[in-house]
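Student: Line by line, the protein sequences give chains A and B. When the letters of the first sequence are read in order and numbered with my numbering, they come out as residues 30 to 232. When the letters of the second sequence are read in order and numbered with my numbering, they come out as residues 78 to 457.
Simulated from the structure, these hints should not be mistaken for lab results. One should not assume that every hint holds.
[To be verified] Partial chain A-side listing against chain B, Cβ under 7 Å, derived:
no.	residue
1	Gly68
2	Asn151
3	Ser154
4	Asp184
5	Ala185
6	Ile186
7	Ala189
8	Gln218
[To be verified] 16 Å max Cα-Cα, derived EDC-like pairs, lysine to aspartate or glutamate:
no.	chain 1	residue 1	chain 2	residue 2
9	A	Lys142	B	Glu264
10	A	Lys122	A	Glu95
11	A	Lys42	B	Glu264
12	B	Lys298	A	Asp66
13	B	Lys183	B	Glu264
14	A	Lys142	B	Glu387
15	A	Lys120	A	Glu178
Every residue gets a Cβ at the ideal spot worked out from N, C-alpha and C, and that includes glycine.
Okay, here's what each chain looks like letter by letter:
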Amino acid sequence: MLLKGENISFGYKKNNWVLNDANISFKSGEVLGLIGDSGSGKSTLCKILSGYENNYQGNINIDGKEIPLKGYHPVQLVFQHPEKAVNPKWKMKDILNEGHNVSQDILDSFGIKENWLNRWPNELSGGELQRFALARALSPKTRFLIADEITTMVDAITQAQIWNTVLDIAEEQNIGVLVVSHEKKLIKQLCHDTLYLDDINNV
Amino acid sequence: MKNKAEIYAGENLSDKNGVIIQKDPLIGSEVIIKKEKATEALLKVHDISLSFTQYTSGLRQTELKVISNLSIEAYSGEILAVVGSSGSGKSLLAHAILGILPPNAKLGGKIEYNGQKLTQIRKEELRGKEIALVPQSVNYLDPLMRISDQVIGDVEDEDEKLMKNLQRKIFQRYDLKPEVDRMFPHELSGGMARRVLVSTAVISSAKLIIADEPTPGLDEKTLNETLSYFEDMADNGCAVILITHDIEAALKISDKIAVFYAGTVLEVANARDFKNNGENLRHPYTMALWNALPQNGFQTIDGHQPMQDEVIDGCIFYQRCFQKTDICSKGIPPLKESNGGVVRCNNATYKEFLKKADEAPPVYNHKLENLSVLQESKEV
Numbered sequence: 030m031l032l033k034g035e036n037i038s039f040g041y042k043k044n045n046w047v048l049n050d051a052n053i054s055f056k057s058g059e060v061l062g063l064i065g066d067s068g069s070g071k072s073t074l075c076k077i078l079s080g081y082e083n084n085y086q087g088n089i090n091i092d093g094k095e096i097p098l099k100g101y102h103p104v105q106l107v108f109q110h111p112e113k114a115v116n117p118k119w120k121m122k123d124i125l126n127e128g129h130n131v132s133q134d135i136l137d138s139f140g141i142k143e144n145w146l147n148r149w150p151n152e153l154s155g156g157e158l159q160r161f162a163l164a165r166a167l168s169p170k171t172r173f174l175i176a177d178e179i180t181t182m183v184d185a186i187t188q189a190q191i192w193n194t195v196l197d198i199a200e201e202q203n204i205g206v207l208v209v210s211h212e213k214k215l216i217k218q219l220c221h222d223t224l225y226l227d228d229i230n231n232v
Numbered sequence: 078m079k080n081k082a083e084i085y086a087g088e089n090l091s092d093k094n095g096v097i098i099q100k101d102p103l104i105g106s107e108v109i110i111k112k113e114k115a116t117e118a119l120l121k122v123h124d125i126s127l128s129f130t131q132y133t134s135g136l137r138q139t140e141l142k143v144i145s146n147l148s149i150e151a152y153s154g155e156i157l158a159v160v161g162s163s164g165s166g167k168s169l170l171a172h173a174i175l176g177i178l179p180p181n182a183k184l185g186g187k188i189e190y191n192g193q194k195l196t197q198i199r200k201e202e203l204r205g206k207e208i209a210l211v212p213q214s215v216n217y218l219d220p221l222m223r224i225s226d227q228v229i230g231d232v233e234d235e236d237e238k239l240m241k242n243l244q245r246k247i248f249q250r251y252d253l254k255p256e257v258d259r260m261f262p263h264e265l266s267g268g269m270a271r272r273v274l275v276s277t278a279v280i281s282s283a284k285l286i287i288a289d290e291p292t293p294g295l296d297e298k299t300l301n302e303t304l305s306y307f308e309d310m311a312d313n314g315c316a317v318i319l320i321t322h323d324i325e326a327a328l329k330i331s332d333k334i335a336v337f338y339a340g341t342v343l344e345v346a347n348a349r350d351f352k353n354n355g356e357n358l359r360h361p362y363t364m365a366l367w368n369a370l371p372q373n374g375f376q377t378i379d380g381h382q383p384m385q386d387e388v389i390d391g392c393i394f395y396q397r398c399f400q401k402t403d404i405c406s407k408g409i410p411p412l413k414e415s416n417g418g419v420v421r422c423n424n425a426t427y428k429e430f431l432k433k434a435d436e437a438p439p440v441y442n443h444k445l446e447n448l449s450v451l452q453e454s455k456e457v
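With the sequences and hints as input, model every part of the structure.
Tutor: In C-alpha cells form, the structure reads like this:
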C-alpha cells in the first residue's frame, strides 16, 4: 500500500502558509524519516496525514483511494507527550482498549505489565505511558504509523526499547512508519530513507 | 593511559593557573573569573530522602519514598548535569532545593548552600535572587503578562528604570529585538521563548542556576544555542545544575554528570570518562545509557526502572544488571569514590571488572557467565 499526500497546502492564518504544495509518500513496511526545524510544519503535516486536520488543500490517498471519514483510520498518529494523549480520569486498561482490544502479544512485546493496567495515568512515567499510546495505535487495522517525536521525552535506554519494539511490530504487520525527529542520529539508525521538510515544502 | 597519581597532579596544576580575565559584556569592564573548580562546593546535597504521605483508603496513610540516599555537589564555574529517566527524581531534587515541594512531602537529610544550612526560610529568601530556576517551557510564563514585565518581575518603583535598562541589555545580548519586550508568551517562537526563560535567570544575577529539562524538542541549532547560554553562565562564575534526560546534550557542555536512577544517584562521572567509548565509566547503568544512544549501537537492556511503591532490598539496579553478584541482592551498596568520581556499585568499575574477569577466570567464573551473555547480546 502507498500513502500519498499530494500538493498539500495549509495555513493557520490567512495568507500565512505553513505548508505550500508539499508532497510526501511512503509505502507499507517502509520506515521513512522526516526532519525539519521547529516551526517548519512537521507536526501540521502529521496531523493532516492522519486526519486530525481537515481544513487543508490537496489530496491524501492510499493506493489512489480517499480515506473514508468513518470507521477505523488506517493512519495512526502518536504524539510527543503521551500524558496529553490519555484521559487522566480513566484507568490505563480503559485507555488501552478504547479503540480495540489490544492483544496480549502486543502488550508483551512492549513489556507492559499486568499491574500497570489498574493504575491511573499519573502513576506511570512518560516512557511507560508512551508504550500504551503505541500499543493502542498498532492495531491489526493500522496500515501506517506516524511517530511525531515519540521518544523525545524519554531516556536513551527507553528510546531504544520503544523503537526496537515498534519496528519489530511494523515489520511483522507490514506497517509503514514515518519517523519525525530532530535527532539526525536517531533517524539514521532507524530509517531506510530521510526526507527534509524544506525540500518538499514550497513556503 | 595515565595512572591516577599523574591525573591528579595535572589537575592541581591547572587549578593554580585557572584564573581567566574576561570582558563582561554587561558591565563592560574586565573581571577576573575563576574558571577552574572552586575548592568548596556552592551547593552540597548530602544524603537526602524525600517521601510523600498519601491516603490509600479512608484515613489510612502510606509513605511513598521517591528519593533516598541522594548526594550531589555543585561548584561555582561548573556545570553539573543531572541525567536520568522520568521518575528518577531529578525534578524533585530541583523542587527540594528551591523549596517548592507540595505540603505532603517530607524531606530528610542535609542541604547546604554557601556553607550554610539551607532551611525553608533561607530557600524562600534566596530563590529568584541567588538561586534561579530556568523552567522547561513557555508554559511557566504568565500568558497574560507582557514579556519584559515578567522578566523584570516585582521591583520597587525607583528601581524600575534601572531594571528595565538591564533587561533591555540582556535581551540585546540574546538577540531579542525591542518589539519582543511588549509581546505576550504565545507570540514567541520556541527558540525565542528559550532565550526569554534564560534571561529571567540572568537578570536575577543568580549564583546557582537550576535548569529543568531546557532542551527537549529543540532543533539542532536552537539546542546548541541554548546550551551555549548555560556555558556562558558557568564561565561567568555561576554554578549550573542542568537537569536532563538527554545524555548527549549534557555531555556537550557539562563538567560532571550525575546519573540518577529510581530516586538515588548511581554515579557521578566526569565528562571525560565518556571518551573512548565510555571505557572509564563506573556503573553498569551509565554504560547501558551510553550504549543505548543511536550512534553507540542502540542496544537495549531488559526491564524497567522500579516503580516508586516497589520495595527493593538490595541494589536498586539489581534486576537489570549484567554484572550482579550475590551480595548485590542484600543491602544498598554504599556510594564510594572511584577514579575522580563516585559510584554506587559493589563490583567496582566496569572496566576493572572486565580486566579481573580476564585475569582470573576461576574466581570470577559466575561473573564470566553473565559476561558472555552480555557479549552475545551485543553481537545481536
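Student: Run the structure past the numbered hints and jot down the numbers of the failing ones, going up.
Tutor: Hints 2, 9, 10, 13, 15 are the ones this structure does not satisfy, whereas the remaining hints hold.
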